[in-house]
Each structure stands twice: as C-alpha cells, then as structure tokens.
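The UniProt record's numbering puts the first residue of the sequence shown at 1, with every later residue one more than the last.
No lab work stands behind these hints: they were computed from the structure.
Remember, predicted model here, so these are calculated numbers, not experimental data.
We put the CB at the ideal spot given by N, CA and C, even for glycine.
Please note that a few of the clues may not be correct.
[As the list claims (entries may be wrong)] Here are the simulated distance ranges between beta carbons:
1. Leu29 x Ser76: 16 to 22 Å
2. Asp24 x Ser150: 37 to 43 Å
3. Thr74 x Thr46: 15 to 21 Å
4. Ser50 x Leu148: 16 to 22 Å
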Amino acid sequence: MSNAVAEQPAVEYGHVEPAMVHFDDLDALGILHNARYALLLERALTAYWSDRGVAYQAGRASTPDVFHAVREFTISYLAPVTGTGPVAVHFWLEHLGTSSARYAFRFHSLDGTTTYAEGHRAVVRLDPATLRPAAWTDTARAVASTLLRS
Numbered sequence: 001m002s003n004a005v006a007e008q009p010a011v012e013y014g015h016v017e018p019a020m021v022h023f024d025d026l027d028a029l030g031i032l033h034n035a036r037y038a039l040l041l042e043r044a045l046t047a048y049w050s051d052r053g054v055a056y057q058a059g060r061a062s063t064p065d066v067f068h069a070v071r072e073f074t075i076s077y078l079a080p081v082t083g084t085g086p087v088a089v090h091f092w093l094e095h096l097g098t099s100s101a102r103y104a105f106r107f108h109s110l111d112g113t114t115t116y117a118e119g120h121r122a123v124v125r126l127d128p129a130t131l132r133p134a135a136w137t138d139t140a141r142a143v144a145s146t147l148l149r150s
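Working from the sequences, and respecting the hints, build out all of it.
In structure tokens, the structure reads:
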C-alpha cells in the first residue's frame with residue numbers, strides 16, 4: 001500500500017501486504033473498528049491482484065476473474081489494534097476450486113509478534129450475464145497458485 005512504508009515480513013507461504021490504519025478507522029475507544037478489518041483485507045487483496053494485472057483499469061475489468069462475490073467471511077478478534085499506523089495483512093489460499101477460492105488471513109504487527117485477528121474469506125467467480133458460478137481463467141489460476149499453501 002502506498003501509505004505504508006514498512007518492510008514486508010518474510011513468510012513461508014502466501015503474501016503479506018501492509019495496510020494503513022487511519023484515524024477514521026478507529027472506534028470511540030480508539031481501537032480499530034471491527035468492520036474495518038474486512039475493508040483492510042479487501043484493499044490488501046486488491047493491491048496484490050492489481051499488481052499482477054487482475055484489476056479494474058480504465059473502468060473495465062482486466063480479466064473476467066474480477067467478477068466474483070464473497071460467499072463467506074469469518075473473523076476472530078484476538079487483540080486490539082490500538083491506534084493509527086501500519087499493520088501487516090498476511091493472506092494465502094487454502095483452496096482453489098473450479099469457480100471458488102478460500103482465503104485464510106491474519107492481521108498482525110509488522111514484527112509478527114502480535115496477531116490481532118484471523119479468519120477466512122471464500123469467493124465464487126461469477127458469469128456476469130447469468131450470475132452463476134464460472135471457472136477461473138488460466139491467468140487467475142497462475143496468480144492464485146503463488147498464494148496456495150502446500
């Protein structure tokens with residue numbers, strides 16, 4: 001993320017994307033609002049895929065794989081993020097099916113010592129005309145393979 005200048009921690013699988021927590025992301029207690037985790041994860045995933053050519057560009061999808069819907073989102077909050085600044089979003093794929101994918105993720109401190117939250121996010125690629133499940137393209141499979149946890 002362009003606002004986060006921190007180094008990305010090394011991970012054995014998946015990818016770590018820094019995410020910036022801004023003042024307006026905090027709740028009345030001064031901690032990261034629970035609803036903002038989904039937004040920060042979405043931004044981290046968007047940055048990863050966009051850097052690899054799967055994005056909206058000039059008002060259009062660069063590939064049909066951009067057209068997908070979230071089927072499931074679960075999260076467990078383990079420790080509060082207590083202010084503004086960068087946090088690390090570590091994500092990977094646990095499953096890549098014909099038309100679906102299941103991410104696992106965790107939010108943690110930049111040094112990796114504190115895990116703030118963890119969960120899963122499942123998506124289904126849809127055909128824009130029918131809104132029925134459609135197979136991922138070879139392009140998406142190639143990018144997704146870099147995120148699969150063995």
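Structure-based check of each hint:
Checked against the hint of 16 to 22 Å, the pair leucine 29 and serine 76 passes, with Cβ atoms roughly 19 Å apart. Our hint of 37 to 43 Å for aspartate 24 and serine 150 holds, since their Cβ atoms are close to 39 Å apart. Between threonine 74 and threonine 46 the Cβ separation comes to about 20 Å, which falls inside the hinted range of 15 to 21 Å. A C-beta distance of roughly 19 Å is found between serine 50 and leucine 148, which places it inside the suggested range of 16 to 22 Å.
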